[in-house]
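The primary structure of each chain is shown beneath.
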Amino acid sequence: MIVAEELYKSFKRVGASRRKPAHEQRIVAVNSVSFKADDGCITGLLGPNGAGKSTTLRMLATLVKPETGTASIDGYDVSKHVLQVRQHLGFMPHNAGIYPRLTARENIQYYARLCGLNRKDSLQRSGELIEQLTMTKFADRRANGFSQGQKTKVALARALVHRPQTIMLDEPTNGLDVMATRGLRDIIRQLAADGHCILFSSHIMQEVAALCDHIAIISDGIVAIEGSLNEILGRTGQTDLEDAFVSATQALSKGDDE
Amino acid sequence: MSLFIIMLKEIVDNLRDRQTVFYALLFGPVLLPLLLGGSLVASFKQLSIDFDQVTTLSVANTDKAPTLIEFLYSNNIDVIDAPANIQSSVRNGETLVVLEITEDFGQALRDGAPAPLTLHVNNADKDSVKAARRVNTILNVYEQTLSNLRLQHRGIDPSVFDSLNVVENDVSSEGANGQLLASILPFLFIMSMVMGGFYLAIDTTAGERERQSLEPLLSLPLSRTMVVMGKYAATVCFVLLSSLLTALSIYTLFKFFPVELMGGQVRFDGATVTHAFLLVSPLIPFISALLISVSAVTRSTKEAQTYLGLLMVIPMAPFFLLQFLNIRSTLVSMPLPMLSQYQLLESAVLGDSIPTLHIILSVVGTLGATAILLWLAARLYQREKLLD
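As you go down the protein sequences, you meet chains A and B in turn. Start counting the first sequence at 183; every next residue gets the next number (this note's numbering). Start counting the second sequence at 11; every next residue gets the next number (this note's numbering).
Just so you know, not all the hints are guaranteed correct.
Incomplete in silico selection of chain A near chain B, CB under 10 angstroms [said to hold, decoys possible]:
#, residue
1, Phe-193
2, Lys-194
3, Ala-341
4, His-344
Bear in mind the hints are in silico, worked out from the structure with no lab data behind them. Note that beta-carbon positions come from the ideal geometry of N, C-alpha and C, so glycine has one too.
Here chain B stands alone, though its shape is the one from the complex:
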């Protein structure tokens, strides 16, 4: 009962604190997904080329190569005349790229020699590079066609030059883009959980010591373990709320996401997000316990912020570890809190099947670590030094 009263008081108390509310309900669940998701969309848009979209291309000396112009046209490129000063126009960004057909282009073609073409591109400008890639791709196809024609003309089968025929078979359910997305999802969840409970945990433990309101509280007829658990329960509520909101905003965000840009069939429907949330949910009690036990050691809010600031590295560590080392999901990695959730969520988003044993190990390992941390927090509250 007193646990419930303490929990309720801490929640009401902290809902009146702007800092706590901002970080718990706005920063983690809304701003962070928007920032990360937004930049992700932008970078995908930058990289991917939509060949079906009709675009224009400035070409100098269009009359020298009517067949090429025809070919470009059939590949959704409308040719327009090049500006007078090609170089400065491209450098200043007035024109993205300019294809310059040289005077002797037609003659070289007729002679069966390499026909010179110049593609003016500004490598400092991403849009220019992207436009150049599209043009290059189309020109490559054109070149291939011409080469084949020349070979056939001389009675040679063009396929004799293809000594290898490599077929890449991607066995993952999604491509590499999906992989990146899949590793960002657990990061978002864990970050918002930490941010959600961060200020409440500090305020209810270190803050209480700093305000010197702990001494009268502990002299009331209730056990100290109840006091810690009440504060823990309040933290769990905030972390839960924060992660639920994150799930909601991830779902909303990916509804507006141009999924076809991700290069695969990544689906962020309600089922995937719910599945991901359930897999990550054992971290709610775990992260709350971690926050409470660390801030129970500290004497002031400033000290607590320092320690917990360092603690922020922990949710980020698996993210970078997995990016660089590509650790596989094993029975050893599964009982480790955070690392296992990262791996499970990646699999879940990529649509890979997850062995039930892995899920059980992850849940048991995380909850076991939670129990140890809670025991530690309760022990820390029994110390006489708590009142110094």
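Chain A on its own, in the form it takes in the complex:
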């Protein structure tokens, strides 16, 4: 389970003049992000590019520290209980980032070993995942020539290797073809059905509408609206998610102007 409350994060502007006032030297990446993702549920973090999705996920994954606000994974605070959070969390960043000179199996095994499994257990666990994610055909080939779909599977298997309760996927369907996307959706649904908490970030409306039980719309570093698809449509008075998205983000910028 993920609970985020008022997360805020800014970065130093590259090439900013020191003479400018302090607030102009920094870019606010995440302004106010609050949402909740339950176990057994697929939660979608929907927002355009640059909305702060990746920074939010990085804060949740303990890679960067929130300046203000709090967040917890399965009850562990991301700022205080870093190692426990990492043990309960499987994180797949938005590009697969696998090692091209290692085979798929070696890639998975490496992470298994780093998560504390011994040699025998790591072999067994990577075997399980290779089966589960239907990777048998290419499991012992070096990752150098893998297709995007194959790379994503390896990265997902790595994220799952320590049996985390909570799983975060940053734009996992980027660059996948239709069949690979469908396959990945089935895997994600199965993981949710097994009781995992899934947080899924995307900028593609249809995908989020098709897959997610719960949606948080993020724009300019702020969560504009949060709820199930029907709740969001009802509250914005729209009939599809795209219109709802536009009206929610417009309401947000009006609120800023006033």
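We have chain A already, so just place chain B on it with the hints.
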């Protein structure tokens, strides 16, 4: 434990990379010593003359100076007839040098006047110059003998012309050739260490950032310091391997080296090479730490190659510094990494005694600098900017 896993993975991963393997195991340890050692042998061979070796010399008008021919013969020079066209023959390299005895040579000798001789030499050809030097040396001895005879004939002691008797006493254990050799040894070691760890350090830090595999790695339940140290340990293994191979190839190379050409008693036996390796070994952790901390700042392999390329100047700097400035080993220079190893290795190869204090200072200074660099690398890995 995770340190060990990371180290092992990086080693396996990089052993599958041809570039890394070539530079770590072939370029530094084998090619570099061969190139430098080979050219060194060639230049020594060029410079040194073996007077015991019998050689031939083309002489024109041999009948004009039978005593001189006799003298040449007794100095291991077999005289043969000169070619018809002396000048072009020497210029074209068909004959190395030609000694031309002039028509009035015998008459001048009998008159007690300077007897003219012409030595045709091609100064553009190193072999010709070398042959001419040998002939000149022998002719000088002959001239000295003749002068002495002339003086004695007139009742003068030849030694009255020797107003000074300078005896040069070289107190170093070896001559100047040994000196050059001694400064090349640390250069070879340090260069091969840098080359050995260069690509692995880049691949495991900047390369990992570039492949974007760092982000998932850092989100695993292990501390970032462990991650850096694992990568550092892998680099140390490669640098160690590279320097061990270098020691081995230096030993092998100098086994086939014509040591007598070096003009001294330079001995490159197992003991000397082992001694040199031990003296230089504190640089293994130091250079690895330097490589890791510099490449930790960089974002891409290209950027890392640029920075580390500039860093290559550092192992070369002491080499040139010592060549030109002749800095003495002092208590101040000893704690400086690289410089102290250069000085210690020179002394070791030349067989000079090394004060224990110098060795201790060198080891402590180098390891201290290593600790600072490692601390810096660990700090660099804590930055949030690492994921940009």
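Each hint tested on the structure:
no. : hint    : verdict
1   : Phe-193 : 8 angstroms, holds
2   : Lys-194 : 9 angstroms, holds
3   : Ala-341 : 7 angstroms, holds
4   : His-344 : 7 angstroms, holds
Going down the numbered hints, you'll see the structure goes against none, and every one checks out.
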